[in-house]
Amino acid sequence: MLQDMNRVLAAYWQQFLFILPKLLIATVLLLVAVFVANRASSLLGSRLRSRSSDPLLPDFLANISKWALVLTGLVLAFNVLGFSGVVGSMIGAAGVSAFVVGFAFKDIAENFLAGVILAFNRPFHINDTVQIRDLIGHVEALNLRTTLMRTFDGKHIFLPNSMVLKEPLTNYTRDGNLRQEFLVTVELGQDVAADTAINVILDFLRSVPDVQQSPRKPYVNLEKASATTADLRVYFWTDSDDYRRGVIQQKSRLMQQVKLELLGAGLGVPNLSQ
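Reminder that position 5 of the sequence shown reads as 5 in UniProt numbering, one-by-one numbering, no gaps.
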């Protein structure tokens, strides 16, 4: 029995020695393919970025070229090892069992194709402020399967490309202008009319450099009035390049300043809300 075991081990050792040169060549070939893929994708990305102001499409194409070259190297390594029929068998098996494994790869293929469409259709650029469902943030990257968004509280959200493609997407940066609004409730008196408060608010908004005056001018609508109060809806336009500054910070500051202006005009203590 010991002799049989020795013969088996000797046979395996001979097979290992026979395949060892091929294994070394296949390993070197695969390493070279990975190296070439990294260098080629980096070179392609830099060339494309130099010709484009938006890095979204260059980065996406560079990633595709990288993985295509790595896959090519893997196929060549299989051929060197004598597994040339493996790839064909895998393709044939995939065709036979497509129904079985189709569900497993459906999301991967769907997200990849959605990424290709997004890269060429480009509903957004890198650093654009977008909203998808209830998520608002800056677009940081478009990968093969996901879109990376950074929210204003610093969280990194990886969204499936298929979701980004299918869901309604609001791009706050593309137009460059953003209309904002807030509600002001002022107290009316015998000598105080709603028009007085409207004029005070408009005079102030016309003096603020960050509020657009042309072609979109600020305006105030009287939404509701009673014997003692009036609800005024204030509308104004700002630059949307920096959404956080233009919406969160600037709007808060304007609401505080409008309140001070109304107090200074002797219009009582106004109530402000979104």
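Certain hints may be false.
Calculated cross-link-like contacts (lysine-lysine; reagent style DSS-like; alpha-carbon spacing at most 30 Å) [what the hints assert, rightly or not]: (1) Lys155 x Lys217; (2) Lys224 x Lys251; (3) Lys259 x Lys224; (4) Lys251 x Lys217; (5) Lys166 x Lys155; (6) Lys106 x Lys155; (7) Lys166 x Lys106; (8) Lys217 x Lys259.
The hints are simulated quantities; they were obtained by calculation from the structure and are not laboratory data.
Outcome of the hint check:
1. Lys155 x Lys217: Violated, at roughly 35 Å.
2. Lys224 x Lys251: holds, 22 Å
3. Lys259 x Lys224: Holds. Lys259 to Lys224 sits at ~19 Å (cutoff 30 Å).
4. Lys251 x Lys217: holds, 16 Å
5. Lys166 x Lys155: Holds, at about 23 Å.
6. Lys106 x Lys155: holds, 28 Å
7. Lys166 x Lys106: holds, 16 Å
8. Lys217 x Lys259: holds, 20 Å
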